[in-house]
Every structure is written in C-alpha cells, then in structure tokens.
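Participant: Using the sequences and the hints, build the whole thing.
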Amino acid sequence: MQTERWERERAAALAGPPAGVCDAIAFRVAPPYSACLRARTAWARVLRRARHEARLARDFDPAALTDEAVSRLAALVDAELLGGQLRRLAARPDARPLRYAVEDGPPSAGGLSVDTTASYDWDAHCITVHRAAWGRAAPGLVRPMQIDGVHALSRLEWLAHTLGHEMVHAVVENACRSEERLEGATRGAAAAAAGGHGPLFQRLNRHLMGHTAATRYAWAWRREGRRYEAAARAAR
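Residue numbering for the sequence shown follows my numbering, starting at 1 and increasing by one per position.
The set of hints was computed from the structure by calculation and includes no laboratory data. Errors might be hidden in some of the hints.
DEER-style ranges, computed between Cβ atoms [as the list claims (entries may be wrong)]:
1) 149 x 52: 25 to 31 angstroms
2) 99 x 34: 31 to 37 angstroms
3) 144 x 116: 15 to 21 angstroms
4) 38 x 87: 16 to 22 angstroms
A virtual CB, placed ideally from N, CA and C, is assigned to each residue, including glycine.
Facilitator: See the structure below:
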C-alpha cells in the first residue's frame with residue numbers, strides 16, 4: 001500500500017505544475033525500495049542514451065567537454081528522472097531558462113573549493129561544470145567515485161549524477177521559491193548550515209533522483225524536518 005501510494009503521489013506531482021513537486025513529494029512518505037530500483041533503471045537509461053544523444057563517451061576527455069554536451073545530458077536527466085519538470089518550468093512566462101556552461105578555471109563563487117566539480121548559480125540561473133576538477137580522477141571498478149550514495153564507475157556516470165544534484169538545487173530555487181510555507185526549508189538555518197543542502201533539498205534529492213542524503217547533513221534533516229512537515233500539513 002505504501003509503495004502504491006508513493007507511486008501515485010510522485011506521478012501526480014511530476015505531471016502537474018512545477019511547484020507541485022515541493023508540496024506533493026517533499027513531505028510525504030519515504031520512497032520505497034521499488035522506487036530506488038526504478039531510479040537506478042532511469043539512470044541506466046540516461047547513461048545508455050547519453051552516448052548517442054549527448055555524444056559523450058563513457059570515459060570522456062574533460063578537455064573535450066562542451067556546453068552543448070552538458071546541456072544534452074541534463075535534458076536526459078530531466079526527461080528520465082524529473083518527468084520534464086525543468087523543461088516545463090522554463091516554459092512559464094515568468095521563468096528564465098536554465099543554462100549550462102563549462103568553465104576551464106576553478107569556481108569563481110565565494111566559498112567553493114577549487115575541487116568543486118559543478119555549481120548552481122541562482123543569479124545567473126546557470127549550472128556550471130568546472131573542467132579543471134574532472135581530470136583529477138578516472139572512476140572505475142577499482143576506484144569508483146562516490147556521489148550522493150552512488151558509486152560512479154565512469155566519468156559519464158559521475159557527471160550525470162553531479163548534474164542531477166545541481167538540478168535539484170534549481171528545482172528548489174525555482175519551483176519552490178515562491179511558496180512562503182517552504183521558505184524556511186530552502187533558506188532557513190538548517191539549509192545555511194548545510195551549505196544549501198537543507199531538509200527540502202535532501203528530501204527532493206532522494207525522492208526525485210534516488211540519491212542518498214549525505215551523512216554530514218543528516219543532523220539538519222532530522223532536527224528541522226519535523227517542523228517543516230508540520231508547517232506543510234497546516235498549509236494544505
């Protein structure tokens with residue numbers, strides 16, 4: 001019953017207006033194991049399609065990474081994992097299309113490490129892939145790259161899940177930004193202390209992308225989550 005309920009709520013939220021993702025998914029039951037398996041299947045489709053549609057090899061050369069390739073890969077993630085939410089969000093009259101870019105140098109935004117692989121800038125409404133970081137590792141069976149609970153076995157898989165992580169930031173900042181009852185979850189103390197990965201981000205990252213919440217952010221999720229759940233229920 002819990003699995004069926006979760007499947008219905010997720011399908012309804014993704015089929016509805018973008019803001020529905022926040023209201024219908026963020027504060028409901030935890031995703032069942034079947035949902036985790038479905039997310040894995042969706043990611044497998046992304047990787048399979050990426051080789052042809054994004055023209056990215058499994059272990060691509062970071063020097064050859066382009067804005068267009070990143071944009072095509074992100075479109076596949078949006079289609080397979082988000083049901084086209086970001087595409088529909090960009091079609092709204094008051095929305096700005098989400099942009100994708102590749103930069104050679106380290107992040108210019110304050111507070112980001114030189115090892116940062118990608119970042120989302122709300123002001124520019126742009127997800128930037130920082131090329132310098134991608135040549136420092138070549139994930140494989142012997143030494144996979146861990147990202148949000150996923151052990152990526154190739155640069156392509158690593159990049160896909162990295163984009164998925166940044167796209168959740170875009171969903172939170174755009175689809176949920178105007179909902180006053182969720183403002184605390186997106187910009188509250190817990191989110192600030194967790195580097196922007198507050199309770200709302202954590203839950204959407206898990207529900208939408210099948211990612212596992214980072215353990216270093218778990219304290220914020222547990223402590224603040226109950227308060228935001230109560231606020232969301234009261235606002236319905």
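Participant: Going through the numbered hints above, which ones does this structure break? Give me the numbers in ascending order.
Facilitator: Failing hints: none at all.
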